[in-house]
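2 protein chains.
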Amino acid sequence: MTRKQLTEQIFSKKSYLCIGLDTDITKIPKHLQSHPDAIFEFNRQIIDATKDYCVSYKINTAFYEALGLKGWEAMEKTVNYIPATHFKIADAKRGDIGNTSAQYAKAFFETLNFDAITVAPYMGEDSIKPFLEHTDKWTILLGLTSNAGAKDFELQKSGDEYLYEKVLKTASGWGTTDNLMFVIGATQADEFTNIRKLTPGHFYLVPGVGTQGGSLKEISKKAMIDDCGILVNVSRAVIYASNGEDFADEASLIVQQYQEEMSLYL
Amino acid sequence: MTRKQLTEQIFSKKSYLCIGLDTDITKIPKHLQSHPDAIFEFNRQIIDATKDYCVSYKINTAFYEALGLKGWEAMEKTVNYIPATHFKIADAKRGDIGNTSAQYAKAFFETLNFDAITVAPYMGEDSIKPFLEHTDKWTILLGLTSNAGAKDFELQKSGDEYLYEKVLKTASGWGTTDNLMFVIGATQADEFTNIRKLTPGHFYLVPGVGTQGGSLKEISKKAMIDDCGILVNVSRAVIYASNGEDFADEASLIVQQYQEEMSLYL
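Order-wise, the sequence lines are chains C and E.
In terms of the numbering used here, the first sequence has 40 at position 40, counting the first letter as 1, and numbering is strictly consecutive.
In terms of the numbering used here, the second sequence has 240 at position 240, counting the first letter as 1, and numbering is strictly consecutive.
Mixed in with the good hints, there may be bad ones.
One copy or two, either will do: identical chains are not told apart, so a pair holds if it fits within one copy or between any two.
As the list claims (entries may be wrong) - Within a straight-line C-alpha distance of at most 20 Å, the following computed SDA-like cross-link-like pairs (lysine to any residue) qualify:
no.: 1; residue 1: LYS129; residue 2: MET224
no.: 2; residue 1: LYS151; residue 2: GLY173
no.: 3; residue 1: LYS129; residue 2: ASN99
no.: 4; residue 1: LYS151; residue 2: LYS169
no.: 5; residue 1: LYS222; residue 2: SER242
Since the hints were made in silico from the structure, they are not lab data.
Throw the hints in and build the complete structure from the sequences for me.
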């Protein structure tokens with residue numbers, strides 16, 4: 001999916017919402033837990049109920065891998081079920097030496113039909129390039145994450161810059177604003193103005209709104225650019241909005257609230 | 001597997017060799033490529049031919065994920081086939097926010113029966129802790145990697161220390177010498193003496209010997225401690241020693257050479 005196609009979706013739906021399918025078999029409603037294809041069935045109902053109000057789905061690979069083969073199968077079915085209009089992100093946080101990263105790129109861009117994958121920067125350029133070589137796909141590099149552990153390394157200073165700033169500056173040169181995005185946590189609102197200065201044209205994938213407590217209003221104000229430039233992800237606050245039989249309806253209501261708020265900022 | 005059990009294997013076999021099963025369907029011998037279970041069949045023959053001379057196998061998850069469901073199934077069969085005496089490493093380079101890392105730990109320590117997993121440090125302590133909470137398993141954190149990209153961030157200085165040094169010092173406090181190892185690339189021999197000073201009691205997983213060109217002699221001299229403290233991984237130089245029907249025999253010969261050399265250093 002090109003940037004133009006993505007932003008057309010955003011402006012036609014007045015939404016820059018991404019829904020995170022962190023589907024945990026122990027957290028889905030009881031009436032679905034004994035379903036022979038529980039994870040996919042849950043995802044299918046969530047997608048049907050929310051697709052009109054969001055532009056992207058993010059599959060958190062960990063939750064599928066935890067179930068082994070059955071989980072990998074549910075991931076495959078889910079990515080194939082997501083409408084072609086929606087931007088499909090593998091939240092996989094991969095990254096390894098070049099010949100290995102090339103295999104991960106194959107796994108998520110060819111074997112599975114994702115539009116984008118999240119990757120970790122620690123191992124440097126040759127660990128990221130194999131993803132960027134798929135120029136019709138998107139590589140989403142960890143910049144400044146939403147978790148407490150961001151302070152351990154990402155927010156450590158080297159000279160007068162944080163490690164995450166070095167990562168943004170260095171990695172900007174590896175790809176373009178048409179195939180490289182950054183993960184910036186919504187809980188890091190104080191840094192957003194600075195981050196936008198460092199990377200004025202890149203899209204950000206912003207997790208941390210919802211359960212983690214980031215402010216949609218604040219990050220939208222600080223990070224939005226002419227063609228939007230942000231995808232805000234909500235996972236648990238949407239998919240576990242209810243643990244009863246009404247889970248999909250409740251998810252839809254929450255998603256509509258996000259979409260309405262987003263329409264004000266766009 | 002405890003440290004004592006691992007080191008008993010090392011001293012009884014006089015080997016600290018780990019074999020990397022980076023099994024690529026396009027690189028295995030032609031006569032196996034049409035086998036209905038080609039990846040597992042290749043791995044099975046490699047394991048049978050090499051198990052007496054090594055103490056560990058490392059499965060590079062990327063190569064299995066690239067094949068989708070079939071690949072995940074081959075990984076499952078392979079890890080179950082590796083003898084219980086051998087230390088089973090998932091080379092997965094995972095790491096995410098806490099509730100997600102907990103799912104990765106479940107995937108590789110419970111659903112699959114690995115003894116260890118490699119993880120990436122960028123996101124900090126809460127991204128690593130869920131792995132370390134499995135106290136009967138091992139977490140192997142990226143320290144200084146073998147690839148060229150190590151210079152981009154790992155070898156960048158913050159004050160008077162490199163990022164990788166900060167990672168080693170900080171992360172040492174998260175686990176113990178009984179459940180935490182570090183990945184240190186063999187191509188970084190200049191740094192090994194310093195690394196051993198920083199982390200005197202930890203085991204290292206050392207890739208980069210073989211195709212990547214690191215010296216077994218040099219890293220053994222600089223990093224070995226009383227109970228060995230290093231696992232040296234070789235992947236491509238072993239498993240692709242021949243691309244004919246004699247691939248397993250040739251792999252066995254190469255592995256015996258490594259074991260003989262290792263017996264001199266132990």
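Hint check results:
1. LYS129 <-> MET224: neither (27 Å within a copy, 34 Å between copies)
2. LYS151 <-> GLY173: For LYS151 and GLY173, the Cα distance is within 20 Å only across copies (15 Å; inside one copy 25 Å).
3. LYS129 <-> ASN99: Within one copy, since 10 Å is at most 20 Å while 29 Å is not.
4. LYS151 <-> LYS169: Both ways: LYS151 and LYS169 sit 19 Å apart in one copy and 15 Å across, limit 20 Å.
5. LYS222 <-> SER242: neither (31 Å within a copy, 57 Å between copies)
Checked against the numbered hints above, the structure violates hints 1, 5; every other hint is satisfied.
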